[in-house]
Amino acid sequence: MISESELAALRAAHPRVFRRTAAERRKLALAWACFCGGVALGLWRILPPWEAFVAGLTKLGFLVGFMIPPTHGGHLGQMLHGLGETLAMAFLGTLFAAVAAVPLGFLGARNVLPVRPLHFGLRRLFDGLRGIDSLIWAIVFVAAVGMGPFAGILALAVPDAGTLAKLFAEAIENVEKRQVEGIEAAGANGLERARFGILPQVLPVLLSHVLYFFESNTRSASILGVVGAGGIGLQLAERIRLDDWQEVAFIILLILVTVAVIDLVSGWLRRRVIAA
Amino acid sequence: MSVLGVVLFSIAFFATAVIGQVDPARVAAGLPNIIDYAYRTLPEISARQPFTDIAEWFWAIDIWLLLILDSVLMGFIGTLAGAGAAIAFCFHASANLAPNRLSFWIARRGFELARTVPELVFALIFVFAFGPGPFAGVLAIAIHSAGALGKLFAEVNENVDPRQIEALAATGAGWSETMRFAVLPQVLPNFLSYGLLRFEINVRAASVLGIVGAGGIGEELYLVVRRFLYSDISAIVLLIVITVSLIDIVCERFRHALIEAGPARPTR
Amino acid sequence: MLELIGLTRRFGSVTAVDHVSLSIPNGQMVGIIGRSGAGKSTLLRLINRLIDPTAGRIVFAGQDITALKGKALRDWRTNCAMIFQQFNLVQRLDVLTNVLMGLLNHRSTLLSLFKLFSAEERALAIRTLDRFDLAGAALQRADTLSGGQQQRVAIARALMQKPRLLLADEPIASLDPRNGKVVMDALRKINREDGLTVLCNLHTLDTARHYCDRIVAMRAGQVVFDGVPAHLTASMVRDIYGMSEEELDQAETVTSTAIASVASPLAA
Ligand SMILES: Nc1ncnc2c1ncn2[C@@H]1O[C@H](COP(=O)(O)OP(=O)(O)O)[C@@H](O)[C@H]1O
Ligand SMILES: [Mg+2]
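Protein chains in written order, with the numbering used here: chain A, 607 to 882; chain Y, 2 to 269; chain X, 51 to 318.
Among the hints, a few may not be true.
Restraint ranges, calculated between C-beta atoms of paired labels, are given here [unchecked claim]:
# : chain 1 : residue 1 : chain 2 : residue 2 : range
1 : X       : A105      : A       : A637      : 53 to 59 Å
2 : A       : N795      : Y       : L193      : 47 to 53 Å
3 : X       : M293      : A       : L809      : 56 to 62 Å
Which chain Y residues face chain A? A few, computed with CB under 8 Å, are given here [to be verified]:
# : residue
4 : Y38
5 : N101
6 : I248
Chain A is faced by these chain Y residues, among others (derived, beta-carbon under 10 Å) [what the hints assert, rightly or not]:
#  : residue
7  : Q22
8  : A56
9  : L121
10 : G134
11 : E156
12 : V157
No wet-lab data here; the hints were simulated from the structure.
C-beta: ideal position from N, C-alpha, C; glycine also.
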């Protein structure tokens with residue numbers, strides 16, 4: 607098709623089409639070496655010995671077999687109570703977070719309180735709160751206030767208050783100035799300005815965020831019980847410890863259904879809030 | 002509507018308050034406990050010998066850093082494996098690309114299942130099967146990430162330019178070749194951006210999965226909490242927060258670079 | 051020889067292509083004209099089998115194309131390359147890779163998926179690009195080229211398929227007159243030099259008159275004229291477009307008249 611001489615001529619005329627330049631090759635080799643090194647290090651720290659892997663896989667196969675069919679084993683009432691606790695934790699955790707986040711968000715917004723150090727300090731506080739996972743908050747609160755859903759509520763509320771406050775502050779910083787100025791022109795004081803000039807503008811955004819957090823908290827709340835912070839997670843962890851796989855499967859299904867239903871309801875509400 | 006809303010909200014509030022065992026007396030009793038607890042975790046750092054005190058506070062820093070490294074590696078490998086699975090099946094899960102209805106349905110349901118079951122539940126099961134250690138955690142992270150990323154990737158795929166796909170189909174290219182050369186170049190920057198975001202999330206997850214025995218720093222944290230080693234708690238939590246923030250900052254840089262990556266870049 | 055026998059395609063109640071019967075000898079350059087919505091694009095897409103006919107048959111060199119599947123269908127598509135109005139290059143890939151896409155059906159899928167192309171294949175791509183003065187742009191990203199350059203890259207991609215037939219759907223409708231001329235000249239060049247049959251949808255009558263051996267006019271899915279350009283009389287034009295050729299010239303963008311002024315007289 608293409609003669610040797612023509613190939614040689616084309617190669618000479620367009621060397622980069624046939625081969626990368628030395629610099630490109632070096633860069634590429636370095637990138638691959640870094641990537642492969644990272645993967646190798648990771649696998650070395652993580653992979654179990656081969657026998658353990660095979661044994662685990664076999665055990666996993668058995669477990670899935672043991673799960674069928676899922677049953678509640680006469681503990682339906684107890685499970686539903688755990689599920690109720692989970693929902694209650696998600697609801698109140700989100701609610702408390704939102705209630706705390708509104709004033710925090712106002713204080714953290716640059717256009718509300720133009721005091722730089724305060725603004726900076728508050729933002730770092732929000733980052734600190736949300737930088738710690740709710741499961742860590744849960745073990746801390748269980749230690750502080752004892753086992754039960756109350757610890758779970760706090761564990762959900764604290765990091766979310768940080769995140770929501772940050773989102774609120776950003777939403778408030780993006781409000782239309784003209785409306786606020788209109789209220790000011792009417793002779794409003796600071797609090798009235800916030801209540802009538804800013805709040806109506808940011809409320810839909812805030813509500814939408816809050817609903818979204820309720821959805822995600824329903825998932826989180828379903829596992830906090832593992833460390834004793836209430837909800838269905840405690841029962842799940844217990845069943846796994848007791849080798850009761852049919853009931854484990856049943857609880858997982860319950861969680862899946864609940865999460866799906868909450869997603870649907872909250873998605874519907876969110877669309878309505880945004881449309882309004 | 003709004004009256005009904007208020008009534009429903011009030012009912013929900015009181016019902017959940019009862020179920021959630023929120024009683025004001027307990028809140029009042031708990032509050033000082035919390036403050037006391039927080040106070041105890043503060044390290045004793047005197048002005049006389051601050052550095053010695055800080056060194057004392059982080060007395061096991063070598064062990065902790067190694068465990069944190071493990072958590073980061075768990076997040077990295079888990080994200081990589083999850084993203085790999087997501088890329089492999091996201092084309093099947095896109096309505097505009099799926100080769101047939103059956104593979105579309107299977108891919109969609111598979112991603113949904115992997116995404117909806119919380120990571121920690123997978124971790125509990127895998128710890129039971131494979132024994133305690135990071136492998137169980139990585140597996141849990143990988144499966145959950147595959148589900149979460151698969152859904153996002155499929156959504157990105159559904160917005161690609163169909164003309165480029167048609168052009169490749171018209172050359173006689175097969176399905177996999179069309180995905181590779183007509184779809185992947187269009188979506189790869191988005192995939193990478195979502196992958197980095199997921200990596201940030203997964204490092205957080207990896208730092209707590211140890212609580213159920215799935216490796217990383219979480220296990221150590223749970224241990225010191227249960228043994229009431231107060232200053233160790235604050236030290237470990239601080240290390241986690243710093244690591245997570247650092248990774249967030251680095252990933253955010255990368256993501257911005259990806260978004261701003263302009264044209265005129267030879268891609269060979 | 052390409053034969054269409056009673057070819058029909060319906061979209062719901064719309065009959066886009068209505069009992070079209072044509073036979074096109076090898077090496078002919080055919081212009082297909084007609085108003086927007088006449089069914090020109092649908093006809094070409096039927097021939098390439100990007101869409102399936104409702105009724106009728108397509109026969110090429112004695113082989114029935116109508117019901118080909120899988121590998122045989124892809125081979126047919128490779129055999130009849132397609133050019134599009136919007137060029138449909140993969141925007142984020144470089145020109146060289148875009149041209150190499152024409153080879154996908156001829157080579158190992160695994161090698162393709164890892165983008166491994168041999169020196170011969172690259173040389174072939176460069177040589178093909180060189181025919182259209184684009185070898186220098188081989189490593190540039192496709193979206194950095196002008197429209198005219200992109201369309202010539204698309205033609206190079208088509209030629210890499212080693213097709214017997216070239217289908218061009220409004221190849222110059224998105225180009226300015228100068229670039230339109232360059233692209234039409236390129237099409238005629240490959241028609242003359244490579245002996246390829248070219249079927250070209252054109253939105254301007256004078257371009258068709260200038261470049262094509264034969265003109266097929268469509269209206270409402272049916273062929274209403276089929277013959278050499280000289281036989282296309284004023285009354286027929288009025289019949290096809292619902293207006294006279296002068297009115298058509300006025301109604302059309304400057305493209306059509308301008309291209310006539312720059313087009314060289316048909317080479318004998
Ligand atoms: N995918 C499709 N779905 C429904 N109708 C279509 C489709 N493609 C084309 N049509 C219809 O078929 C007719 C012919 O379209 P087309 O072949 O694109 O015409 P032309 O290329 O001559 O402008 C038009 O009425 C168009 O609306
Ligand atoms: Mg058309």
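Hints violated by the structure (listed by number, smallest first): As far as the earlier hints go, 5, 6, 8, 11, 12 are violated by this structure, in ascending order.
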